[in-house]
Each structure stands twice: as C-alpha cells, then as structure tokens.
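**Q** Heads up: the protein sequence lines correspond to chains A and B, in order.
Adding 12 to a residue's 1-based position in the first sequence gives its number in the numbering used here.
Adding 27 to a residue's 1-based position in the second sequence gives its number in the numbering used here.
Calculated from the structure, these hints are not laboratory results.
Incorrect hints may have been included.
The calculated lysine to any residue pairs, modelled on SDA-like cross-linking and capped at a C-alpha distance of 25 Å, are [as the list claims (entries may be wrong)]:
1) A:K42 / A:E65
2) B:K84 / A:L112
3) B:K83 / A:F118
4) A:K42 / A:R111
5) B:K97 / B:F37
6) B:K97 / A:K25
7) A:K25 / B:K86
8) B:K86 / A:F118
9) A:K42 / B:E44
10) A:K64 / B:P66
11) B:K97 / B:P66
12) B:K97 / A:K42
13) B:K83 / A:E116
14) B:K83 / B:L30
15) A:K42 / B:D110
16) A:K25 / B:P66
17) B:K86 / B:G109
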Amino acid sequence: DAGVTQSPTHLIKTRGQHVTLRCSPISGHKSVSWYQQVLGQGPQFIFQYYEKEERGRGNFPDRFSARQFPNYSSELNVNALLLGDSALYLCASSLGSGRLAFNEQFFGPGTRLTVL
Amino acid sequence: TQLLEQSPQFLSIQEGENLTVYCNSSSVFSSLQWYRQEPGEGPVLLVTVVTGGEVKKLKRLTFQFGDARKDSSLHITAAQPGDTGLYLCAGDDNYGQNFVFGPGTRLSVLP
C-alpha cells in the first residue's frame, strides 16, 4: 500500500512569492495534518483537516492556509513568502480527527522549501 | 502553551553502548509519543505512552512515562549504527487541536 505522498519534493522560491504544496493521504485516511520543520528543530503543527473542515490550527500567521478536497488530499498555501519560511513541510494522515488523529499519524517524506 | 524540552541535544556514542534521552515539560500530557526521523524522511512513530509510570519495551528500546505525566525517557540498550537518527517526543494539547514536538535529540552511533 502506498504511504503518504507529497509533492513537489523540493521547491525554490523567492521572497514575496506564493507556494502550494500537495499531500495525498493513505487510502482510507480522512484526516490530514501539516507541519513545518525548520532545520535543526522539531516539527511545528500548522493545521489539521478532517472531512474537509479545519479541526486544529497552530500558531502561524494568516499567510498560511490550507484546504482538503473530497478525495481527502490536501493543499497547503503560503503567501508572501519570507526567508524564514524555508523549511521541510510535512504532511501526516490518520483515520480519525482531533486527538485520535494525533495518536496515530503517518508522515510523508516532506517538501523541502527554500526561499531566496 | 505546552512546551516539550529534550536532552541532550546531541549524542554521539560507540556501537554497543547504552544511552538514555529525556523529554520534559512543565505541563501534564495525557499521552506522549516518541518518533524517530532519518534525514530526508518524515518522523516514524515508535511508541505512545498513556499511563503515568508506564514502561513500554520495543526490542532494545525502553520507554517510560513519568508518574506525573510531565516527562518521559527513552533508553536504548546496546546501540547499533541503525539507531542513528533524530529522536522526537511529542504530545497533543489534551483538546486535540494542537500537537507539540520537542526539539529532538540527534543520536549518532559509530561503528
């Protein structure tokens, strides 16, 4: 069975640009969570979506947004990119939502975003 | 805001040695998880500890949850080069709306 897939693998953008990252969850999983992992740090929670609705949000500015599609795949959008947005963006999928989602989540390999 | 601290930040040991890494918080967590992350990959869940005082074993790895559910430890016996990686502890905010990772312990096991 395919695990969580993310695209693109790597991406280079310049300051002020916009970026869209994509995630396909494990088949049958309805919840997708997004994390930002800056080099040398642990991942930071950005969003959780379940059944196309936002169920959790971390401490990130409004430049960050996401959505989930009927097939449970998800997009993370970041506007007005800053140098500090350079990071590995991880997507995780799970069956349930909320605490159930966090208890057993499976991570994709991530998208490495570099902002110049 | 719940925060998790981990120590040590870096650890380099020889194959066959034992080691312990720690995860601490001033907040109570209903459960804590341990993940291992290798370069270029996402974190992989190793274990979830739920009950205060709980001890779980996974082959050469032993996980313990503190009695007060504010801390946890991971002990590796007879470390092998394949244990090399970033070890992360993590937990949710008890409401299921936020999930917190510690900064990680980067372990290097030399052959």
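**Q** Hints first: check each against the structure and report whether it holds.
**A** Hints, verified against the model:
no.	hint	verdict
1	A:K42 / A:E65	11 Å, holds
2	B:K84 / A:L112	23 Å, holds
3	B:K83 / A:F118	21 Å, holds
4	A:K42 / A:R111	14 Å, holds
5	B:K97 / B:F37	22 Å, holds
6	B:K97 / A:K25	40 Å, violated
7	A:K25 / B:K86	44 Å, violated
8	B:K86 / A:F118	21 Å, holds
9	A:K42 / B:E44	42 Å, violated
10	A:K64 / B:P66	31 Å, violated
11	B:K97 / B:P66	29 Å, violated
12	B:K97 / A:K42	31 Å, violated
13	B:K83 / A:E116	17 Å, holds
14	B:K83 / B:L30	23 Å, holds
15	A:K42 / B:D110	32 Å, violated
16	A:K25 / B:P66	22 Å, holds
17	B:K86 / B:G109	13 Å, holds
The structure shown violates the earlier hints numbered 6, 7, 9, 10, 11, 12, 15.
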